[in-house]
Each structure stands twice: as structure tokens, then as C-alpha cells.
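Build the complex: two chains, separate frames, hints provided.
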Amino acid sequence: MSLVLKADGLFRSFRRHRFLSPEEVTPAVRGVDLAVEAGECLGIVGESGCGKSTLGRLLLGLLRPDSGTVRCLDQQLNLLPLSGLRRLRSEMALVHQNPLGALDPRRPVGEQIAEPLLIHRHLGLSARADRALRLEEVLRSVALDPALAERYPHRLSGGQRQRVALARALITRPKLLVLDEPVSALDVSVQAQILSLLQTLKAESGAGLVFISHDLRVVRQLADRVAVMYRGRIVEEGTTAAVLDNPQHPYTRLLRGAVPSLVPGRRIKAEIRPPADLPDKGCAFAPRCEKVHALCRSQFPAMTLSDREHRVACFSVSKPKVAV
Amino acid sequence: MTAYLLRRTLRAFLTLWVAVTFFFILFRIDVDIGVMALDLTASQEAIEAFNERWGFDRSLPDQYLIWLSGALQGDFGYSFRDGRPASEWVSERLPKTLELSLAGFTLMILIGVPAGLMAAIRNGTAMDRTIMGLAAAGYSLPSFVLGLTLMYVFAVFLQLLPSTGSTTWAHLVLPAATYGFTGAAQIARYTRAAMLEVLGKPYIAAARASGAPANAVVLEHAAPNAAIPVVTMLGFSAGQLVGHAVIVETVFAWPGLGQALISAVANRDLAVVQVMVMIFAAFMIGANLIVDILYGVLDPRIRTAGGAHG
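Protein chains in written order, with my numbering: chain V, 1 to 324; chain A, 325 to 634.
For the record, the hints were derived by calculation from the structure and aren't laboratory data. Please note: incorrect hints may appear among the correct ones.
Where chain V lies over chain A, by a calculated footprint (3+ residues, C-beta under 8 Å) [what the hints assert, rightly or not]:
1) 413-426
2) 615-624
Partial list, derived from the structure: chain A residues whose beta carbon lies under 7 Å from chain V [claimed, not checked]:
3) A530
4) G535
5) A547
6) N549
Simulated coverage check for chain V against chain A, where a stretch passes if three residues somewhere in it have a Cβ under 8 Å from a Cβ of chain A [to be verified]:
7) 92-101
8) 115-125
Keep in mind the model is a prediction, meaning the values are calculated, not measured. Glycine included, every Cβ here is placed at the ideal spot set by N, Cα and C.
Bound-form chain A, shown alone (with noise of 0.2 Å):
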């Protein structure tokens, strides 16, 4: 087990390095960043002059060594429009992200993983077809539909929460319920299914056979395996949490990376896109580091793999 996770573990270093090297390269390649970053009105020697004063005018492998070795210390670059350190940019939006993204995660579980279970167990049924039709609608209405329609309904009509900023617990309410219920739909699609298939494993049928109580078969016997593919599409959301906020929190005027990253984009700041790139892929790679080891908590099978004999 503690081989597994190093190994693990030192895999998702190495693709964290391979995706930032490469965007770096992606960012540089073919593209004169003075002409972008200024405009193209401006003089040939003030697009030199600025890449000089930002090293623009060096070799790429230079820039990268450069580029690597304080990153490898905690520098990741200054924004171009003020000056600051890029690093500082996530530290001040990261919190409001996270804070969006969990409240919205939680909502995302605590909301999808019981309707899925419960179509599941009452499978063809009016609770079954109610729920799957809300999953369908939930799934296939953009957030920020959802989120202007909530938005609409609870702060202009009913007047009950504030629209936009975060300054209140209020102010979190409806972008985490829109990020909420967008994802509890996939969510319940996938709990559905996978208990579905669980529940016509024989074993399943062994342990009613047996006299287990109906709670029992399915909490007990069949939602533990269930688990395995949730668990895999939790960690695929999770991984995404950070990225998807993007709209969101546009729609909601949420101070956090998402909002961060459009500005940036739209300024040309390279190095702030850049340390933003790599926290979303920091992001992605770390949830599923968490899968993989709550794969082998969940499954005994990858536990022992190391002594298995078929």
C-alpha cells in the first residue's frame, strides 16, 4: 500500500511538470508577447524595451530555466499591469474559489449521491422517472441559465438573497447552489447507475436470499460498491471544481481565480494565466491522486494487487 502511494504520488508530480512545462512552451511559442501584451500600435522600441525588462529577448530553454527555478522557489512571475507577484493574485483568489467550490461540492453530494440512490432502489418507479427527469433537465440546462434563473427568481422577484459579491454567507447561497445542482445531476445519473448494476449482481440476491434486512443489502452489500464509479466521477468533478467556476463566478461577480483568470486573459498577463494554468491542473491531478488512494481503501482487489495470484 505504501509503494502504491509513493508511486502514486510521484506520478502526479511528474504530470503537474509535464502539463506546466508545456504550457509554458504553448504560451511562448510562435508569439511575439511584447506585440500581445502591449498593443499593435506600439513603437518598435518600446515592444523591445519590454522584452528586455521582462526577459522576453532570451533563448526559450533560458526563460524556462529561468522560469523553473523560481517556481521552484515560490516565484512565479510578476503581473505585467501592476507589478505584483503572480503568486500573489491566487493567494488573495484562491480562498473565494475554494470557499465557492466546496459549498458548491458538498451541495453536489449531499444532493446527488441520496436522489441516485433512491431512483436506484426504486428503480422504475414515479420517484425513479421524477428524479431521472430532473437529472436530465439539471444536466442539459447550462449553469448560467440556472444561474441567471436563480438569480432572477431569488434576489430580483422574491428579494430573499443578494444577486452578486461575496461579502455575506448569503452572497453564497445561490452561486453554490447553482454549481450544486448542475453537478448533482451527473452525479445521480451515476449513483443510479452504478447501483443499478450493483443490485443485479447475484450477491446482491445471495444476501436477500439470506435474510439480510432491505436496508442492510443496500447500504451494507451494494452501496460500497457502488462507490467505486462515483467515487471516480466525484474525483473527475472535484478536479474540475476550480475550472468550472469560471462561470460562475463570472455570472455572480465572485471575486476568485475564475474571474482573476478572464481579466488576465483579457490583459495578456501572461505570468498570472500562467500560475493560474498550472493551479488548475494542480487541481485536476491532486483529485485524482485522491481517487487513486480512495480506490484502494474501497477496493480490496487493488489493495493486495501486489500479492495476487489470479
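Looking at chain V on its own, in the form it has when it is part of the complex (with noise of 0.2 Å):
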């Protein structure tokens, strides 16, 4: 299979300047290596703030990293001009989590879904006609009806909107999609639709999926691979059902466990807040974590390289085949 987007090692924190005060600086993606294959869907899960957008963006261009590399297509962002990153950014999309602030209130939708026709003239389809004609394509692909593309975003209903900016991100049959939390502004019932939407999506178009989400469940439903992020970092990665049904990592078992379930006993565990500072060294995880060791706190625990399939980074799992 054929790799549409490879990271690695990728950082990037942010940085505050204040007046007569030291600089305030939050690192937000600490170390991420990752990689799509054509037609594969990767999901990366974590609670908020663990940098999930921020790698998103990183991984789109929109943001520089610190360091680390991110190649698109066989193509090396960081080193590609600005028009040749431009030009690039036909093969990549964004869906956001917010379908109404994804959505220039201004313009009518159909105008703004066809936009980037307009924009990479190379190809081919920026004539009105044609245009037209994708437009009428795309707007059936995510089962809009052509008429909605007169109308304004307000005049859209949640799932519409969100249709609309699915249809606007796969105009111009991108090979990579990064989907930012593209259901969880939806009601269940919408969020149903637009997943079974992706599924199709996905089958047909080929693309590589980025999909990030908070929500183990939506997941579960579209990824074909799980990464689940903390902090910054990758704590584990594997398949879907490797990583979901046989969490390794203490984080990844927190999280299943707060999933609510209708087993008796197996119902959300209490919240254990993330501790405010991010340790200087060691595992970020180790503050939180049941099976915290005297190591977690000095080092960071490397990732697993033993199976593709399923790859954890903690002592507890990787110590015992070190250890005596």
C-alpha cells in the first residue's frame, strides 16, 4: 500500500510573550510519529487539550512544527515552496468539529463548496460549467440535495451544514482528509448518518483518514488504526480492535473505562483530573497513573517496536521483558 502522509518526530508547543514576565510556553505535540496509508482510516483519540487539533494542523500544513517532518504525497512540506505547498493543499482536506463556524455566513453554500475549483485552476474544472457539474456531483456523494447550494449556512440544519463541509473538503478528490471532530457538534441520530457517510465516503474514495475525536465510540466505528494521544505524545497505537478491546496502556484502559456501559460494575469510573503542570521528565501519564513506577518518573518510556500491529509506550508493559 502506498503512504499518502508520514510524520516524524514531530513538535510544536506555543509561546506567549508578556510583558516583564518569563515567556509562557505550552507544548502541545511533543513527539509524534505517525502514518496514513491510501485508503486506511487512522483515529487519533485523547481527552481535549492533548494536542489532537494541534496535530491535525500540523499534519495539514497550517501550523509549522518545532522540528519533525510531516511528507504528504511524497512530498515534504517544510521544504516545498509556497506555491508548490498551495498547490499541494488540493490533495489534502479539513473538516471541522463546528459545521457553522466552518462556514462563511456570508456566501451562499454551494459557492463556497466549489471554491477551491476556483482556486487550483490546474485542475482542470474551474470553468463554470464545469464547476457546476462537480458541484451537483459532490453535493449527491454526501447526499445533499442540489438545491441546497443556493442557501445560506444559517438556513442549514446541523447535519446539512456538516454534509456541506464534507462536500467542500472532497471537491477537488482529495488523497488526504483530516477529520477534526466532524460529529461531535451533532445529535446521536444525525452523528449515525454522517458516520455511515464517512464509512461510504471512505470505501469510494480511496483517501487516507485522519480522524480525531474524543469519543471512543464514533472511533471505533471508522478507524482502521487507533492512536490514542496524551499530552502531546503517542502512548499507544494499534489496530482498532488491538487497541479498544485490549487496552495495554493505563491511559488507554482510563479511557475505556470511561465510556459509559451498561454491564453493571463496568460503568464510568470516577474523573481523575490531569494534574495542572506537565512533569519535567518521565512518563506525562505518571501523576494519574495505578501502576506508576520509580522509572516512569525519570524517563520516558519508548514505544514497543515488537509488533505493527499493537505498540504501547509504558514500563509496565515493556519492563517485564527488560527487566531480570
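What follows is the structure in C-alpha cells.
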């Protein structure tokens, strides 16, 4: 299979300059490696503030990493000239969480969906008739009535708006789609519709998907592989079944426990709030971890390399093999 | 859209009528105009003769009806001082005030909007902080201080421009600059805030992600959306233009309405004060009407509000 996206050693922190006081540095992404193949969906899960959205923006080259590289379709984003990056954007697309905020309130949605065709003239679909044809095609593919193209965003329902956002992302037939919490702002019934639409689109388009979500149930439906993120790092990664049904990392287990279950005794565990300060060294999860060792506080556990199906960064998993 | 315009226009006229009526009553309530207009040493006969001559001996509703029917025919009463129609004061002074206000307003937009845009695009940089620092200074500096400073530097010290009067175009420069700079500071702050808000919206990120060039993102996607609050602010400033001119006109001895208003108030020249207050109100209301119409143009949500279903 061909890789559509490969990220190596991504770091990114946000700095805030303050007058007469030390600079505030918030590390958001702290060393992420990942790869997405064509036709595959990688789910990225984690609690809010763990850096998933920042990671999404780094992957699309919307944000510059402090260090590390992103390769999309065999082109390294930070080495591309601006014109090349803009051209590559016809192959990459982003879908946002809040579908109303993601649409310009001042323009009819059809115009917004077709706009990328005008930006990317090299696709050869910039003529009015071609645009109209492609617009109708893409609206049908997201199951929207083409008559709605004339409407303004405020006159659409939440589900329709998210379909519009999807249509805009799909109009250039991208090879990589980053979906940042695409269903979390929707009602459960609408969620189900959009998810099944995404499943169809994934199968039909053959694009690589990065699906960012905090909702494990949603990720399970769509993702082939899952990466669990905690405080800027991927702590566990593998096939969806392996990670979600047989979680190894204590954090993934905590997340699994947070999904409401009908089985008595497996209901939500008491939430343990993450401490405000990130430990200087060692595993970021150590202050919350049940299985914490002395080693966890001084050293970050490397990913186990044994298995492509399932990799974990935790001493409680890897140590027994290393130690006596 | 037509219904919207009609409704707004009708409402504007109603507001003007209410404002004018309010001032008419306010100027007459519990005040012996004869005493005010003459002086405290005037004899009782003189005051009574004055009141009879100008109609102030009639009842308030009578006076109001007479004034209103006159006003509807363009007769706003006569000055106590020189007996000329009050409307003549306006027609004589208004062009000068408009000249100054429009020059100042144009300058305000030409400086304020680009400065605000620049600060928003370069948010957090030295450029942003410089522009905002200047804006804070311009915002907090009273216009008469700025006016006198400009006058000192350019008229007295450098002797490049005339200090007071209104005979040539050169006379317009300093008052218009005073006016423009003070207003531009406020507009720049507003434009920056509005732009920053819009630039943070996901649809701007979406436009960037779809590969739109940076300039197009700012000018075609962000600016039209940020224009709505800025137009509100500009409308507000435009409404106040004529009123604000009072200070600048006084500093630069500009023979406009503001100066005339001050002398009319000092002279207790009722009809003149009344017609000027009406003009100020009309400007404020007119500016608001224009803003309402512009909203309809800028924001399709308002334009289509009649047929919207949530």
C-alpha cells in the first residue's frame, strides 16, 4: 500500500510573550510519529487539550512544527515552496468540528463548496459549467439536495452543514482528509448518518483519513487503526480492535472506563483530573497512573517495537521483558 | 428588501420627530424665555413685549403647532439677534461643517481601517504593538490638545500651514487632520478587534486549508465579515461628526455650525439653537439609517430574514 502521510518526530509548542515576565510555553505536541496509508482511517483519540487538534493542523501544514517532518504524498511539507504547498492543498482537506463556524455566513454554500476549484485551476474544473457539474456530483455523494446549494449556512440544519463542510473538503478529490471531531457537535441520530456517510466515502474515495475524536465509540465505527494521545505524545497505537478491546496502556484503560457501559460495575470510573503542570521528565501520565514505577518519573518509556499491530509506550508493559 | 428599507426610513422620520418634539418642550419647560433672552435687569414691560412679539405668551401646545406647521414648510423661526430666518444660519454654516467633517471622516477611514487591518494581520508583532500604541495615544488625547499641538508645530513653528480660518484648501488640512487622527484611533482599534475575531473562525482556517492565497483569505473571506461591526462603528462616528465638529471648529476658528451653535447658545438665540439641534439629530438618525441599509447589503442573513426558517 502507498503511504499518503508520514510524520516523524513532530514537536510543537505555543509561546506567549508577556511583558516583564517570563515567556509562557505550552507544549502541545511532543514527539509524534505516525503514518497513514491510502484507503486507511487512522483514529486519534485523547482528552481535550491533549494536542490532537494541533497535530491535525501540523499534518496539513497549517501550522509549522518546531521540529520534525511531515511528508504528504511523498512531498515534504516544510521543504515545499509556498506555491507548491498551495498546489498540494488540493490533495489535502480539513473538516472542522463546528459546521456552522466552518462556513462563511455571508456566502451561499454552493459557492463555498466549489471555491477550491477556482483556487486550484490546475485541476481543470474552474470553468463555470465544470464547476456546476462537479458541485452537483459532490453534493449527491454527500447525500445533499443540489437545490440547497443556493442557501446560506444559517438556513441549513446541523447535519446539512456538516455535509456541506464534507462536500467542500471532497470537491478536489483529496488523497488525505483530516477530520477534526467531525461529528461531536451533532445530535446522536445525525452523528450516525454522517458516520455511515464517512464510511461510504472512505471506501469509495480511497483517500487516507485522519479522524480526530475524543469519542471512542465513534472512532471504533470508522477507524482501522487507533492512536491514543496523552499530553502531546502517542502512548498506544495499533489496530482498532487491539487498542480498544485489549488496551495495554493504563491511560487507554482509563479512557475505555470513561465510556458509559450497560454492564453493571463497568460504569464510569471516578474521573481523575489531569494535574495542571506537566512533569519535567518521565511519563506525563505518571501522576495519574495506578501502576507508576520509580522509573516512570525519570524516563519516558519508548514505544514497544515488537508488533506493528499494537505498540505501547509504558514501562508496565515493556519492563517485564527488559528487567530480570 | 424594499419593505425593510421602507420600514427603516419611516422609523427614522418618527425618531426625528420624537427628538425634535422632545427638544421643543425641553427648551420651553419652566423657562421664561423673555428673561433668558433679554437680561435680568430688563423691565417687566420689556419682557412682556418681547414675549408677545415672539409668541411666547401663548400656550405650549399652541406654540408647538405653530412651530411644527412652520417647520414642515421650511420655516424654523427667526433669530432674536438679527431677525434673519434660523434656516439661513444653517444654509450658511452647514456647507463649511460638511466640508470639514467629510474631509475628517475620509481621513479617519483611510488611516483607521488599513491600520487596523495591518495590526490584525500582523497580530502580536512589533507592528501590531506600534499601531495599537499610537491608537491608544490618539484615543486618549482630547481633540483640542491634538489640534493645538498640530497648530503649534505646523502653523507657528514650521509655518507651513495657516493656523485658523477657512479661505483656502490649506486651511482645511490641520482641522481635518485633528479630526481624522482622533477618529482613526478608534476605528483602528475596532477594525483590529473585528478582524481578529473573524480570522480566528474555522471558515478562515478552512479557506487557508483549501489553498487560498493569503491575501485572498484576508481580503475576500475575512474582511467582508469583519466589515459589519466596523460599519456600525463608522455609522456611529458619522452621526457624531457634525456634533464633534464643535470643538475642532472652535479651536481652528472654522466658521461652521459648531461655532455658530456655541454663539447661539451664548446669545440664548432659541430658534437657531433649536434648528441646529434638529440638524445634529437628523445627522445621527440619517447615519443610522445608512448603516441599517448597509447591513442589508453586507449581511445576507438580514437581507433574507423575511424568508428564513432557522
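Hints the structure violates: just list their numbers, smallest first. Hints 1 and 5 not satisfied by this model.
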